[in-house]
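Engineer: Each chain, written out:
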Amino acid sequence: EAAVTQSPRNKVTVTGGNVTLSCRQTNSHNYMYWYRQDTGHGLRLIHYSYGAGNLQIGDVPDGYKATRTTQEDFFLLLELASPSQTSLYFCASSDVGCSDYTFGSGTRLLVI
Amino acid sequence: GDSVTQKEGLVTLTEGLPVMLNCTYQTIYSNAFLFWYVHYLNESPRLLLKSSTDNKRTEHQGFHATLHKSSSSFHLQKSSAQLSDSALYYCALRNNNAPRFGAGTKLSVKP
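So the sequence lines, in the order shown, correspond to chains A and F. Residues 5 to 116 (this note's numbering) are what the first sequence spells out, left to right. Residues 6 to 116 (this note's numbering) are what the second sequence spells out, left to right.
No wet-lab data here; the hints were simulated from the structure. All residues carry an ideal CB built from backbone N, CA and C; glycine is no exception. Be a bit skeptical, because a hint or two may be false.
[Claimed, not checked] Chain F regions said to be covered by chain A (calculated; three or more residues, Cβ under 8 Å): (1) 48-54; (2) 98-111.
[Said to hold, decoys possible] Sample of chain F residues with no beta-carbon within 12 Å of chain A, all distances over it, derived: (3) T19; (4) P23; (5) M25; (6) I33; (7) K74; (8) H80; (9) D90; (10) K115.
Please construct the entire structure, taking both the sequences and the accompanying hints into account.
Structural biologist: Here it is, written out as structure tokens:
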């Protein structure tokens, strides 16, 4: 079954720490996205990609890097984590027509 | 840039009453594609409804919405709320690039 898998499910790191969130999709989708979910703000777009090697900047990119290594894999990197990055992170994928977005189960990140 | 407004952060209803969750949007593009996603606790957000056709009602799982481009609205409705409808609902807009989501409306249905 086509899916979007995120890892880890939960992560705790210290301020200034280095964190990588992983996302893999088996939907054969070209587009992948990273969002963060915060109460009162909803889902905010961090970065997205149209395909391997491509990266587009979203609406809240500060403090985040991303890399799309293959069609299946999209990584979100926090090189100097801060408490403001404590959030629930969702990865999603879509086909070229963008008629639906398939979400992963989320990664809950706590920066202490 | 594109934006979506969901003015109600929390809607609390008694079971059996009608549901209406508001969604308005702003975009400079004419090819707006609007979505409603439902997010149950500890699950992934999933698609509930979508539309790009002006003034056409779209329905799924008892919910319905009509895209009105003249008022830039795509309100979600249901005739009778069920306890199982309690969830977080997101309205989203897509034009030429990545979708933008609203802040979400938490629907709480009480017995």
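Engineer: Hint by hint, say whether it matches the structure.
Structural biologist: We went through each hint and held it up to the structure:
no.	hint	in the structure
1	48-54	holds (count 5)
2	98-111	holds (count 9)
3	T19	24 Å, holds
4	P23	24 Å, holds
5	M25	19 Å, holds
6	I33	16 Å, holds
7	K74	19 Å, holds
8	H80	17 Å, holds
9	D90	19 Å, holds
10	K115	21 Å, holds
Of the numbered hints stated above, none is contradicted by the structure.
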